[in-house]
Structure formats: structure tokens, C-alpha cells
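Enquirer: So the chains spell out like this:
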Amino acid sequence: MTRVRAKLKLAGLLLLVSAFGLHADPAQRIVSAGGSITEIIYALGQEHRLVARDSTSNHPPQVAALPNIGYVRRLSAEGLLSVSPDLILAEEGAGPPETLEVLAETHIPFVSIPMGHDRAAVVAKIKAVAKALDVPEEGEALAQRVGGAIDAATAHSELADQRVLFVLAMQGGRVLAAGQDTAAQGIIELAGATNAVEGFQGYKPLGDEAIITAAPDVILLMDSGRQVSLTDEEVLKHPAIAATPAGQNAKLLRMDGMLLLGFSVRTGQAISDLAAGLRGANG
Amino acid sequence: MQLDCAAPMADQTADGMTIDGDRSVTARRLSWVLIVVLSVVVLTGLATGSAGTSLWQALIDMAQGQDLSLRDRVVLLDIRAPRVIMGCFVGAALAVSGAVLQGLFRNPLADPGIVGVSAGASLGAVGAIVLGGTLTVAAGLVTWLVPIAAFLGAWITTMLLYRVATRRGRTSVATMLLAGIALTALAMALTGILVYVADDAQLRDFTFWSMGSLAGSSWSKIIVAAPLILIPLMLSPFLALGLNGLALGEAAAGHIGIRVQHLKTCAILVVAASTGAAVAVSGGIGFVGIVVPHLLRLASGPDHKYLLVNSALLGAALLVLADLISRMIIAPSELPIGIVTAVIGAPFFLWILLRQRGIVDL
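Line by line, the protein sequences give chains A and B. When we follow our numbering, the leftmost residue of the first sequence carries the number -13, and every step to the right adds one. When we follow our numbering, the leftmost residue of the second sequence carries the number 208, and every step to the right adds one.
Quick caveat, the hints were computed from the structure, so don't treat them as lab data. Take the hints with a grain of salt, since some may be wrong.
[Stated by the list, open to error] Facing chain A, according to a computed beta carbon distance under 8 Å, are these residues of chain B, among others:
{"id": "1", "residue": "259"}
{"id": "2", "residue": "262"}
{"id": "3", "residue": "274"}
{"id": "4", "residue": "276"}
{"id": "5", "residue": "277"}
{"id": "6", "residue": "285"}
{"id": "7", "residue": "288"}
{"id": "8", "residue": "377"}
{"id": "9", "residue": "381"}
{"id": "10", "residue": "406"}
{"id": "11", "residue": "411"}
{"id": "12", "residue": "415"}
{"id": "13", "residue": "425"}
{"id": "14", "residue": "541"}
{"id": "15", "residue": "552"}
{"id": "16", "residue": "554"}
[Said to hold, decoys possible] Some, not all, of what chain A presents toward chain B, calculated at C-beta under 7 Å:
{"id": "17", "residue": "60"}
{"id": "18", "residue": "68"}
{"id": "19", "residue": "186"}
Idealized CB from N, CA, C, for every residue including glycine.
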């Protein structure tokens, strides 16, 4: 009896091996947990291998048709298993750790993709995704193309005197601004301009006097595309903002959030868009 | 805000033989019904999930001596089973604690939040989330940081409150209520400071924590939480007689031979340990502690002898069911369970209340 079963198992194994060839077959059911990773997978032309994505993946638009596994830091173990992935690509910081522990038991390959807010980080990210997808040549080419686009966009931007205030949100007149170590600061600096805010990390509410001290030349806002939650008038009539050069000259700049802060394949475009916007706002 | 807990006592003293309004038979029957309901819910919880693994197929395979596939084993044994068991523990702990506190405070609005458990646990959790990154802990300890901090936060707050309210060996329930408000405000302010210094990701983590989830359940967490939850739950029936007596008022309870201070101490220890542990492993899950005891009082009367046991059964069934909904409704993603308990439970509770008063007739 056991012999028969062993033979059957062997036969099944041979069938599998012959079906996929003798080398280790590359993953065909990939879950992407991170908007920037999803963009890279599409840019690599590997979207046919994608079976699910997280809630931050919203570009390109057709990604919305894939099952949503939830927020990248709140992944559900059974939800992930339900799409039967053979590879999970996740942004650094994906979690929670409990889910990762359970996933480790299933031996489904889980690749953590490093994040960062500069050119090197974008290139490293693309190469890491391409390696995990087993398309290193395409990855190399894409990394070169994207790196080139970033270089081209940063080369001729001379906006160092431009102080930019990135406003994430305004709630009840409180300005939530980008400080150090944020994607917003990263893209502002790549565009050659200066973050108007100094002295704190992350996104924090900024006091009225601090806004006036920051003296931004331009206010940068995120445009989610669907809902305009924050109107120009609302921003400009804020008493502290109105007292800054940006407020007096009504210099507001809006850009798509994922394009601006994603640090992925479109970052070159984001930089040139931002630089062009700043130049336009400047002139 | 005197609760109608006094009813059975009054009835029993009024008549020796046939007690008018005695609903103990109903309550006993209800216990059996709830045991059946809980069993059904637990089995459904084990059998259902977005991964589609079939419990029955797995049982048949195992009976035939076949090995489960790795995926099925992980789904059934490492994901669903711990969640369902943890759901039972947490639901029972929250519901019983609610019932005990409502009896102790003789106030139908009492829930574990009233003794500082929720605020203390929140403070502990946000502290671990925000400051945990600066600590260098062993990798295996990362998943334990938040639960341990939340439990300590809950326990310390409750014990502090108990100390504040106790003078010359007597605990004043009124002082406890008022001091509880002050301590909660203080804990919330400290939470606010930590929220302010938190970065984006930590803020998200804390928001999700405060909406509750059973997704982090694991066997190791069950082993740690089980004694903290089960021992108090098993001791709680011994409080029933005292809580029934307390419904008459503290002085009267003392006169009929109830050791009131002893009762208060035990009740608070039971609540602090079981709810502290429940909140630590599951985050903030509101509503269960208030609604479950109320539903049961409406159905089978306020006698704590049955109320506590039935609360444990109904609380467990309700939470396992809510968890089932939370993981199925937007699969493969998950809704925080606190949202499910509130969205489904609150209107249902309102409907029961209105129907009871004859406003809605359905």
C-alpha cells in the first residue's frame, strides 16, 4: 500500500518537474504589498504574474481590478493565503509581525523590498523587484532608464533658493507639514529646491509662527484626483500662510500623491513636473 | 441609576414556595441554548475563511491517515484555530467583566473602561508602538511588546484607581467612578503626547490597534493569556451571590452577611486581570461588555448566578461571529473587529431597547 502511494507520489513529482522544466520555476502568482512595487512590476511588463495587491497600489488604474489584500502594515494571513501566492513582495515595514510569522511557516517566499527617498533607493528598489521576479536583465534596463530620467530631471534644475512647504493636510486650520526624512522632502530636494521646514521628522502639525518663520515661496499639495478636499482659497486664506511669500503671491502647486511620493518608476517624471511647476510658480 | 438587580432578592424574600417572576428556569434553558449556539459558531469559525480550506475535508483526510498539506495545516491550525479560541476568551472576558462591573457599580453604564482598563491599555500600547522601535529587543519579542505593555498599562491603571478609592480598608465606589474619569483623562493626555511624537506608520499601527483585531492570535499568545483570562472567569461565579446582595445597596448587603469589601476587591481583580489580558491581545473592542449582559438581563433576568455564566457564553459566541464577519466581508482584506461589533451590535441593541419599550413593534 505504502509502496503504491510512494510510486504515485513519485509519478506526480515527475509530472510536475516535466511540466515546469527541470530548473526552479519562477513565481507565477505574485502578491505586491506596496504601491511603488506594483508600479515597478507593471513597468517590467510582468503584471500577468500579479494576483493581488495592497490598498496603496493604485497606479496604473487597471491594478484596481486585482483583489485588495488590505493596508500594507495590516496584512491578513488567511487573506494572503486565499490568493494562493507563490511569491510575496512587500515594502519594508510591511506587517504586522504576527502575519509574517505565520507566513514563514508556509514557506511561501517573502521578499522585503528596501525603501528610501533618493535616486539610489529607487534604483535599488527596481533591481530588488526584478531579481525577485527573476527578470534581472529587464530590471537592469529599467533601473538604467529610470535612473537616467532622474538624472536628466535633476541636472538642470536650479531652484535652490525656492523654499517649498509640503502640506499633507489641513484640519481645522492646522497645517500638517512634511519635515525631515519624508518622501516629500526627498522629492523637493531632488527637484533642486529646499524644504521650507526644518527641525522635526515626519509629518507634524506646524504652528502659525513656525509657518511664517519657514517663509515658503511655494506651497506643495497632494492631489488625490478624486476628491478635492482642500481648496486653493482655503489654503490661501489661512492667516499664517497668507503672511508668507507663497501666500502673498498665491503660489500653490498640486501634484498626484502616488506620482509625487511613490519613489518608483515615475520619479523622473515627478521631479521634472515638480521642477517645471516650481519654475512656473517662480515666473 | 439603580439597576433592577434587586428584583430576584425581593421576590425570594416575599415568598418561600412559588416565587413570582422567578426566571431561573428560563436562564438555565438559555444556558443550554447558548452552549449550542457557541458550538455552532466555533465550528463555523473553524470551517470558514477566505483561504477556502475545508475543515470537513481536512478531518476526513486525517481520519484516513493522510497528511494535511502545509497550506491547509497552517490555515486550520495556525490561523483559524487560535483566532477562534482567542475570540472565545476575549468575548467571554469582556462580557463577564461588564456584568461584574455593572453589578459592582450598580450602574448599567459600567464597562471595563470605567475602571481605567481601556485608557491604561491604550497608553501601554501606544507607548510600545512609538518607543518600542528605540529599544533593542530580541526578534522573538517584537510581537510581545505591545500586548505586554497594554496589559501592564491596564493593570497598573486599575490598581492605582483601586488604591486611590480605598481608604481605611473601604473602597468607595463613587470615588472610584470620579477618580476613574481623572485617571482616564491623564492616560489619554499621555497617549496624546505619544501620538504627537509618533511617525506616520506608528500612527496607523495605533489607529488599527484601537479598532481591535484577533488577527494576531497565536498559540503562544493563547498560552500566556489563558491563565489570566480563564482563572478570573472561573472564579467569577463565586461573586454572583455577593453581587446579587449588593443590588440592595452596600449597607443592606453588609447586613445580610456579605463581605462587601472582600467582594469589591475580588471583583476588581477579576476584571483587571481578564479584561487587561483580553485588551492586550485583541486591542480595543468596545460594546461587548455593555450589550451582552443587558441582552441577557432582558431575556432571563438579573440574577448573577446565571447572568455571569450566560454572559461568558454569549460574549464568546458574539465575538467569534464578529471575527468571522471581519475576516470574510472584504476578503482577502480584513475589517477591524471593533468596527464589526459596533456596526452590527449597536443598532441591534437599540432595536431591542425600543422593542422592550413598545416603541417598535416587529
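Enquirer: Against this structure, judge whether each hint is valid.
Expert: To see whether the hints hold, each was checked on the structure:
no.	hint	verdict
1	259	holds (6 Å)
2	262	violated (13 Å)
3	274	violated (11 Å)
4	276	violated (10 Å)
5	277	holds (6 Å)
6	285	holds (5 Å)
7	288	violated (12 Å)
8	377	violated (44 Å)
9	381	violated (37 Å)
10	406	holds (4 Å)
11	411	holds (6 Å)
12	415	holds (5 Å)
13	425	holds (6 Å)
14	541	holds (4 Å)
15	552	violated (22 Å)
16	554	violated (25 Å)
17	60	holds (5 Å)
18	68	holds (4 Å)
19	186	violated (9 Å)
Comparing the model with each earlier hint shows violations of hints 2, 3, 4, 7, 8, 9, 15, 16 and 19; every other hint is respected.
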